[in-house]
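If you read the protein sequences in the order shown, they are chains F and S. At position 48 of the first sequence (counting the first as 1) the number is 48 in the working numbering, and the numbers step up by one without a gap. At position 171 of the second sequence (counting the first as 1) the number is 171 in the working numbering, and the numbers step up by one without a gap.
If you are wondering where the hints come from, they were derived from the structure by calculation, not from laboratory data. Glycine included, every Cβ here is placed at the ideal spot set by N, Cα and C. Hints may contain errors.
[As the list claims (entries may be wrong)] Here are the simulated BS3-like pairs of lysine-lysine, each with C-alpha atoms no more than 25 Å apart in a straight line:
id : chain 1 : residue 1 : chain 2 : residue 2
1  : F       : Lys-4     : F       : Lys-115
2  : F       : Lys-96    : F       : Lys-125
3  : S       : Lys-7     : F       : Lys-96
4  : F       : Lys-96    : S       : Lys-14
5  : S       : Lys-14    : F       : Lys-108
6  : F       : Lys-115   : S       : Lys-102
7  : S       : Lys-111   : F       : Lys-108
8  : S       : Lys-48    : S       : Lys-204
9  : S       : Lys-162   : F       : Lys-108
10 : F       : Lys-23    : S       : Lys-162
11 : S       : Lys-102   : F       : Lys-108
12 : F       : Lys-115   : F       : Lys-67
13 : S       : Lys-204   : F       : Lys-115
14 : F       : Lys-115   : S       : Lys-7
[To be verified] Far from chain F by the CB rule (all over 12 Å, computed), these chain S residues:
id : residue
15 : Glu-41
16 : Gly-83
17 : Thr-184
18 : Lys-188
19 : Ser-189
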Amino acid sequence: MATKILSVDDSRTIRLIVARAFKPYDCTVLEAGNGEEGLAAAAREKPDLIILDVTMPVMDGVTMLTKLKEDEALKTTPVIMLTAESGRDNVLQIAKLGVRDYLVKPFKEDQLIEKAGRVVSLQKKAA
Amino acid sequence: MQPPAHKEYAALAKQYGFAPAPESVMRLTQLVADQYADLDEIARVIEKDRNLTARLLRVANHHATCEAEYTIDSVEQAIMRNGIGIALILAMGTPLSLALQKAFQTMAGLKLDQFPAHQLTGVNGEHMRGCIGFAGKIAGHVYLRMTLPSSRAVAAAIFGCKPEDMNNTDEIRDAIGELLNIMTGNFKSNLCDAGLECRLEPPKVGITNDYTTPIESGGCIERMAFRSANIHPFIEVTANPWAG
């Protein structure tokens, strides 16, 4: 069964890059434009991995992560943060909430794949 | 001795593979953030770094078109005339410039070289302008500008298509907005780590023919220009008067 990845970012550009990065792998990439949409998609789709931005309109990534960790059904879903903000207070707060990894933008697609590959199984699609 | 939070952050930064900001920049930012900052010490940090010194003199003489027209020619004189705000601009400009170059290289595969902003030519007519405001212990704006063909070429490089196939203005705006977001997010992290807490406003990106950059009375501005084969972006950072 394909690995389900949920990309939560308000930038269409980033969501497109994330989707492109996982294209060679047997993955289904779902998208959400903010934390609220991300929580709804997570509850509905039960992804294997969430790739989460911090600064977003409507609901930011820290709030979404907090709510995710409060939800019995979703709290074990692994999260990789993908954000331009690597400030000390942000990182400490997010690490306390519990994330599997943290990737600072700008990023290369292979960095994302490397970090995701440590969390979920990524199988190359058959040629 | 480092506070426990700093040690904890250093361990996480190593675990996650973060790249640290240049030491002289972090030292300068910390000095500026210190409410008891000593101007002589700030001057010493700048004087030790040739690049910072050259930039300080450019900012202090921002009306000059070449070094021969400089009326302020020493670090001490620049700080005496302009106060701590000018050091603040320097502290902000380096992370911004590095973040811009890294963002273009990593996301679009475009290597940009910085060149003196007064050599910038052809800055007229319609262009793409992105702007992000920051507010908190310090306040100001960051602008990213480039010609419409440049913005189309950059967006095409990010999306992996040909510039002539990049016809959706919303997609171009989103790509430019994200580049601006990335570089401003990186620099905000550096400022917050040095004690200059601030928050970012959402980016505004659009086509304009307005090249004026508002600066509050007593504020500072630095313009930084970059180029690759056919892309010529430039950024401006303004800081409101330093409230301390």
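Here is what the structure says about each hint:
1. Lys-4/F - Lys-115/F: holds (15 Å)
2. Lys-96/F - Lys-125/F: Since the Cα atoms of Lys-96/F and Lys-125/F sit roughly 36 Å apart, the hinted pair is violated (cutoff 25 Å).
3. Lys-7/S - Lys-96/F: holds (15 Å)
4. Lys-96/F - Lys-14/S: Holds: Lys-96/F and Lys-14/S sit about 16 Å apart, inside 25 Å.
5. Lys-14/S - Lys-108/F: With Cα atoms ~18 Å apart, Lys-14/S and Lys-108/F stay inside 25 Å; holds.
6. Lys-115/F - Lys-102/S: holds (20 Å)
7. Lys-111/S - Lys-108/F: holds (15 Å)
8. Lys-48/S - Lys-204/S: violated (37 Å)
9. Lys-162/S - Lys-108/F: holds (20 Å)
10. Lys-23/F - Lys-162/S: holds (20 Å)
11. Lys-102/S - Lys-108/F: holds (11 Å)
12. Lys-115/F - Lys-67/F: holds (23 Å)
13. Lys-204/S - Lys-115/F: Distance of about 32 Å is beyond 25 Å: violated.
14. Lys-115/F - Lys-7/S: Given pair Lys-115/F, Lys-7/S holds - Cα atoms ~23 Å apart, limit 25 Å.
15. Glu-41: The claim stands: Glu-41/S keeps its Cβ more than 12 Å from every Cβ of chain F (closest is about 23 Å).
16. Gly-83: Non-interface label on Gly-83/S holds, nearest chain F Cβ at 26 Å vs cutoff 12 Å.
17. Thr-184: Nearest chain F Cβ is 7 Å from Thr-184/S, so the label is violated.
18. Lys-188: violated (7 Å)
19. Ser-189: At about 4 Å from chain F, Ser-189/S fails to clear the 12 Å cut-off, so the statement is violated.
Hints 2, 8, 13, 17, 18, 19, counting from the list given before, are not met by this structure.
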